[in-house]
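Could you build all of it, start to finish, from the sequences and the hints given here?
Listed here are the chains, written in short residue letters.
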Amino acid sequence: MTKYVIRYYMPILLLVFSFSVFAVPIIEIEIRDHLFYPAEIEIPADTKVKLVIINNDRVAEEFESYELNREKVIPGGSKGIIFIGPLPAGEYPFFGEFFPKTAQGKVIVK
Amino acid sequence: MLVNSVIIILREVLEAALIISVLLAISQQLKVSRQWLFFALFIGLTGASVYAAHIEFVSMAMEGVGQEVVNASLHLLIYGFIVILVFSMKDRAYYRCMVLAMASCVAMATIREGSEIVIYVGGFISSPELFVSVSIGSIIGAGIGISIGVFFYYLITSMSLNHGLRFGLLLLILIAGGMILQATQLLIQADLIISQPPLWDSSSLISERSLIGQLLYALIGYESTPSLIQVFCYIASLFLMIFMIIKTLRYIKK
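The listed protein sequences derive, respectively, from chains A and B. Taking the numbering used here, the leading residue of the first sequence gets 867, the next gets one more, and so forth. Taking the numbering used here, the leading residue of the second sequence gets 9, the next gets one more, and so forth.
None of these hints come from the bench; they were simulated from the model. From a predicted model like this one, the values you see are computed outputs, not experimental measurements. Careful, some of the hints might be misleading.
Claimed, not checked - Straight line, CA to CA, 25 Å or less: simulated SDA-like cross-link-like pairs of lysine to any residue: (1) A:914 to B:40; (2) A:916 to B:98; (3) A:967 to A:952; (4) A:916 to B:62; (5) B:39 to B:108; (6) A:916 to B:236; (7) B:261 to B:40; (8) A:914 to B:207; (9) B:39 to B:257; (10) A:945 to A:970; (11) A:972 to B:260; (12) A:914 to A:932; (13) A:967 to B:140; (14) A:945 to B:132; (15) B:98 to B:251; (16) A:972 to B:213; (17) A:967 to B:211; (18) A:914 to B:108; (19) A:914 to B:88; (20) A:916 to A:889; (21) A:945 to B:209; (22) B:98 to B:173; (23) A:945 to B:135.
Okay, here's the thing in structure tokens:
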């Protein structure tokens with residue numbers, strides 16, 4: 867069984883785990899008083915982007931987007947990194963799950 | 009604030025409650041003492057508190073994707089322990105291995121979901137005016153989540169041994185697949201697996217925001233826009249589970 871798994875699954879796993887060597891554009895989003903700054907960001911279509919989310923509040927926030935398929939806790943006074951894309955053109959809303967009334971934003975892909 | 013905290017806590021509790029109730033029901037069907045559950049919950053809750061206390065360190069580790077790596081590992085470990093559990097169910101000789109696998113699944117699931125609850129609720133301790141409504145909301149959310157778990161437990165244990173075990177194992181297959189789906193999703197988010205365009209978009213059919221979408225997410229890891237790698241891993245993980253279960257059921261019959 868183990869041999870079987872190694873022989874047939876390892877090449878697939880190696881193929882799948884590809885580490886990117888190209889520079890990825892970085893966009894910073896800050897959280898202050900449960901609001902995103904900027905609340906709207908623009909990124910090019912079909913490009914992978916690295917989002918750096920800096921939480922200036924004392925309490926944690928959870929960056930969440932159903933459209934982007936992303937979900938991550940950003941501890942208070944800390945930051946988190948989330949990769950998004952490559953995406954087709956369109957609008958992708960995101961929100962802070964812990965304070966959804968105020969923490970709203972969207973990614974505009976052009 | 010109240011409604012929001014009900015939803016957040018419900019989501020986290022539901023995921024853990026489903027795993028716990030299905031495993032508890034299976035252990036009941038197999039006449040295993042329930043003692044393992046308390047041990048597993050103790051380890052899980054302790055682990056969740058430790059994880060939540062060090063969330064900043066974990067977040068910044070591995071160039072900012074430590075959280076994804078830890079969470080994906082927890083999901084993969086749960087999957088692994090479910091496979092071990094199904095394997096060791098076939099013979100009483102593997103009894104200890106089986107109990108250990110069940111306890112490990114519950115402990116890992118409690119760490120994963122419990123840590124998010126601790127982080128969320130813990131954030132409000134410093135603001136007493138919000139803390140009351142968040143606490144009430146959390147208790148309601150946890151209550152609903154646990155009730156659904158209890159429902160599944162009695163649903164399985166009220167069936168005959170044969171049917172109950174089969175239904176429990178079926179749910180276990182779906183939960184295991186969900187674990188793999190969530191793990192791949194986290195590794196894509198961390199850029200450790202290449203991201204691809206979604207294979208389909210079923211969000212207009214069943215939205216992940218809807219109640220059914222949330223329930224399906226907890227049960228089978230429902231994703232409205234999965235990528236090819238996610239679908240492939242999901243199907244492969246289901247096949248491995250089904251293969252293991254068929255082997256085990258055949259062995260039990262003998």
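Against the structure, the hints:
For the hint linking residue 914 of chain A to residue 40 of chain B, the alpha-carbon distance of about 50 Å lies beyond 25 Å, and the restraint is violated. A distance of roughly 47 Å separates the Cα atoms of residue 916 of chain A and residue 98 of chain B; the hinted pair therefore is violated under the 25 Å criterion. Between residue 967 of chain A and residue 952 of chain A the CA atoms are separated by roughly 29 Å; this puts the pair beyond 25 Å, and the hint is violated. Using a Cα cut-off of 25 Å, the hinted pair residue 916 of chain A and residue 62 of chain B holds, with the two alpha carbons roughly 24 Å apart.
Only pairs whose Cα atoms come within 25 Å are accepted, and residue 39 of chain B paired with residue 108 of chain B is accepted, the gap being roughly 15 Å. Only pairs whose Cα atoms come within 25 Å are accepted, and residue 916 of chain A paired with residue 236 of chain B is accepted, the gap being roughly 22 Å. Distance restraint check for residue 261 of chain B and residue 40 of chain B: the Cα-Cα separation of roughly 19 Å lies within the 25 Å cut-off, and the hinted pair is therefore satisfied. Annotation: proposed proximity of residue 914 of chain A to residue 207 of chain B holds, straight-line Cα distance about 18 Å (limit 25 Å).
As the CA atoms of residue 39 of chain B and residue 257 of chain B are separated by approximately 17 Å, the hinted pair is consistent with the 25 Å bound. Among the hinted pairs, residue 945 of chain A with residue 970 of chain A is consistent with the structure: their alpha-carbon atoms are about 18 Å apart, no more than 25 Å. With a C-alpha separation of about 54 Å, the suggested pairing of residue 972 of chain A with residue 260 of chain B is violated against the 25 Å cut-off. With a C-alpha separation of about 18 Å, the suggested pair residue 914 of chain A and residue 932 of chain A falls inside the 25 Å cut-off, and the hint holds.
Our distance criterion of 25 Å between C-alpha atoms is met by residue 967 of chain A and residue 140 of chain B, whose separation comes to about 18 Å. Proximity of residue 945 of chain A to residue 132 of chain B is assessed by CA-CA distance (about 19 Å); at most 25 Å being required, the pair is judged to hold. Restraint check for residue 98 of chain B and residue 251 of chain B: the C-alpha separation of about 13 Å stays at or below 25 Å, so the hint holds. For the hint linking residue 972 of chain A to residue 213 of chain B, the alpha-carbon distance of about 22 Å falls within 25 Å, and the restraint holds.
Pair hint residue 967 of chain A plus residue 211 of chain B holds up; C-alpha atoms about 22 Å apart against a cutoff of 25 Å. Between the alpha carbons of residue 914 of chain A and residue 108 of chain B the distance comes to roughly 42 Å, so the proposed pair goes past 25 Å and is violated. Restraint check for residue 914 of chain A and residue 88 of chain B: the C-alpha separation of about 31 Å exceeds 25 Å, so the hint is violated. Our distance criterion of 25 Å between C-alpha atoms is met by residue 916 of chain A and residue 889 of chain A, whose separation comes to about 10 Å.
A hinted pair counts as satisfied when its Cα atoms are at most 25 Å apart, and residue 945 of chain A with residue 209 of chain B does not qualify at roughly 31 Å. Distance hint between residue 98 of chain B and residue 173 of chain B is fulfilled; the C-alpha atoms sit about 12 Å from each other, no more than 25 Å. The straight-line distance between the Cα atoms of residue 945 of chain A and residue 135 of chain B is roughly 22 Å, inside the 25 Å bound, and the hint therefore holds.
Of the numbered hints given earlier, the model fails hints 1, 2, 3, 11, 18, 19, 21; all others are met.
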